[in-house]
Structure formats: C-alpha cells, structure tokens
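Colleague: So you can see what is in the structure, the chains are spelled out below.
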Amino acid sequence: AQSVAQPEDQVNVAEGNPLTVKCTYSVSGNPYLFWYVQYPNRGLQFLLKYITGDNLVKGSYGFEAEFNKSQTSFHLKKPSALVSDSALYFCVVSGGYQKVTFGTGTKLQVIP
Amino acid sequence: EAQVTQNPRYLITVTGKKLTVTCSQNMNHEYMSWYRQDPGLGLRQIYYSMNVEVTDKGDVPEGYKVSRKEKRNFPLILESPSPNQTSLYFCASSIGTLYEQYFGPGTRLTVT
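In order, the protein sequence lines correspond to chains A and B.
Residue numbering for the first sequence follows this note's numbering, starting at 234 and increasing by one per position.
Residue numbering for the second sequence follows this note's numbering, starting at 178 and increasing by one per position.
Same shape as in the complex, but just chain A (with noise of 0.2 Å):
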C-alpha cells in the first residue's frame, strides 16, 4: 500500500522568507510524486511533479521541490514567500498502478 505523510498541519512564514512545506512517501516501485495547491473557496491546481531524472523539480509560481530517494521525502519549497501564497497544500504520490493518494494536506499561512 502507498502512503503520504504530511508532518505539519500548518506552516506560518513571514513574507520573503524563504518557505519549506514537508512530505514523506511510501510506495512500492518507482515514485510518482506531484505538490497540488487549493487556494481558498477554489478547486486544486497542479504545481509540479517528480517522475524521473533531476531530483530538483521546479513548478508553478516559483515553487521547486526535491526529491530525496534514500529519505523518502519531496518538501515543497519556495526562496521567498508572498502573502498570495498562503493556501492548502498537497503532496500526492502515485505508484504507477492507477491509484493516487494524497497527503492530509499542510495550511500554509505567509505573514505580511
């Protein structure tokens, strides 16, 4: 069985900070991992993903995300946060078998 493990259910930064959203993963197989963001009252929009090749993804928004095989981690990050920023963040893992499963979610709240 696959698995996401979002330690933090919220992340306080203060603008222009440089911000980091954390993600561990289990899956048998390869790793296919993507961040989703869902601003408030607003459906879910891809960011990035990892499938293969640099282990430094970058994504939409000035986000990247590192990949980090021997840890089992693809923490989000971002070099310097805006307020703008501030939503619900997911990190998802598919296996490569058809099912997709998503992280508990991580709020993400950049002080002005």
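Hints are computed from structural coordinates only; laboratory data are not their basis.
If you're wondering where the values come from, they're calculated on a predicted model, not measured in any experiment.
Take these hints with a grain of salt, some might be off.
[To be verified] Derived lysine-lysine pairs resembling DSSO-like cross-links, with alpha carbons at most 30 Å apart:
{"#": "1", "chain 1": "B", "residue 1": "Lys248", "chain 2": "A", "residue 2": "Lys255"}
{"#": "2", "chain 1": "A", "residue 1": "Lys302", "chain 2": "B", "residue 2": "Lys234"}
{"#": "3", "chain 1": "B", "residue 1": "Lys242", "chain 2": "A", "residue 2": "Lys332"}
{"#": "4", "chain 1": "B", "residue 1": "Lys248", "chain 2": "A", "residue 2": "Lys332"}
{"#": "5", "chain 1": "A", "residue 1": "Lys282", "chain 2": "B", "residue 2": "Lys234"}
{"#": "6", "chain 1": "A", "residue 1": "Lys282", "chain 2": "B", "residue 2": "Lys248"}
[What the hints assert, rightly or not] Pairwise CB distance ranges (calculated):
{"#": "7", "chain 1": "B", "residue 1": "Glu256", "chain 2": "A", "residue 2": "Ser303", "range": "45 to 51 Å"}
{"#": "8", "chain 1": "A", "residue 1": "Lys310", "chain 2": "B", "residue 2": "Val191", "range": "43 to 49 Å"}
{"#": "9", "chain 1": "A", "residue 1": "Glu241", "chain 2": "B", "residue 2": "Thr199", "range": "32 to 38 Å"}
{"#": "10", "chain 1": "A", "residue 1": "Pro240", "chain 2": "B", "residue 2": "Thr192", "range": "35 to 41 Å"}
[What the hints assert, rightly or not] Take a look, some chain A residues computed to stay more than 12 Å from chain B by CB distance:
{"#": "11", "residue": "Glu248"}
{"#": "12", "residue": "Gly249"}
{"#": "13", "residue": "Glu299"}
Note that CB positions come from ideal geometry on N, CA and C, so glycine has one too.
Once you've looked at the hints, dock chain B against the given chain A.
Modeller: Quick look at chain B alone, frame taken from chain A:
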C-alpha cells in the same frame, strides 16, 4: 477552454434518497477519478477509471457507485446516502496517473 465540470455544485438531501453527481471533461482524457475532501483527512480517492467501461475502487468506495459509458463522463452515484457521506466531492481527469490531474470546482453535499 479545457475544463472539468461538475453538477450540482451544492446539494442538500435526506438520508436514503438516491442522487447522482455528474462529471464531464472536454480534454479527451482517459483517466478520471472521484475524491472526497474532509477536514484533516485530505482528499481520499473513491473510484477511478482508466477508460470507458474500466473502473476500480479507490480507498473509500463503500456507499458509492460509478459508471463510465462515455469517455467524457464519469458520474458518481449514491444509491442510499447517509450523513457520513456529507463532504466536498471533486472529480478529476488526466491523461494518466503520471500526469497532472485537472480538477472540477467541487460539489458540496450535505445529507441530513
């Protein structure tokens, strides 16, 4: 415009009254999926479909049915809704599980 549509957006119903939530996508995607979102639990996959007439259970299929008679449509059926099915439901589509999913706007269901 590429999109996933869901109807209705809001629904209040009573226990035991059968209902259907429709989902349609205009991107010719093969993979479609239904999720429910509950506070603190993230999104949990209910059912997914790899193609027409091919469906399979996700992590929380009890109390739900789906069908995929046409590629663009993937309705979610609650034959006898119960209060524990009160939730926010999302439909999504993609080329496949290695690709980003496009989400509908969500359907907020309340069962009394």
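Colleague: Hint by hint, note whether the structure agrees.
Modeller: Status of the hints after comparison with the structure:
1. Lys248(B) <-> Lys255(A): This hinted pair is violated, its Cα atoms lying about 36 Å apart.
2. Lys302(A) <-> Lys234(B): 29 Å, holds
3. Lys242(B) <-> Lys332(A): With Cα atoms ~17 Å apart, Lys242(B) and Lys332(A) stay inside 30 Å; holds.
4. Lys248(B) <-> Lys332(A): 19 Å, holds
5. Lys282(A) <-> Lys234(B): Holds: Lys282(A) and Lys234(B) sit about 24 Å apart, inside 30 Å.
6. Lys282(A) <-> Lys248(B): Distance ~25 Å between Lys282(A) and Lys248(B) Cα, so the pair holds.
7. Glu256(B) <-> Ser303(A): 45 to 51 Å: Between Glu256(B) and Ser303(A), where Cβ atoms are some 47 Å apart, the hint holds.
8. Lys310(A) <-> Val191(B): 43 to 49 Å: The hinted range 43 to 49 Å holds for Lys310(A) and Val191(B), with Cβ atoms some 47 Å apart.
9. Glu241(A) <-> Thr199(B): 32 to 38 Å: Holds - the Cβ-Cβ distance for Glu241(A) and Thr199(B), about 36 Å, lies within 32 to 38 Å.
10. Pro240(A) <-> Thr192(B): 35 to 41 Å: 37 Å, holds
11. Glu248: For Glu248(A), whose nearest Cβ neighbour in chain B is about 26 Å away, the distance exceeds 12 Å, so it holds.
12. Gly249: 29 Å, holds
13. Glu299: 19 Å, holds
Hint violations for this structure: number 1 only, all remaining hints satisfied.
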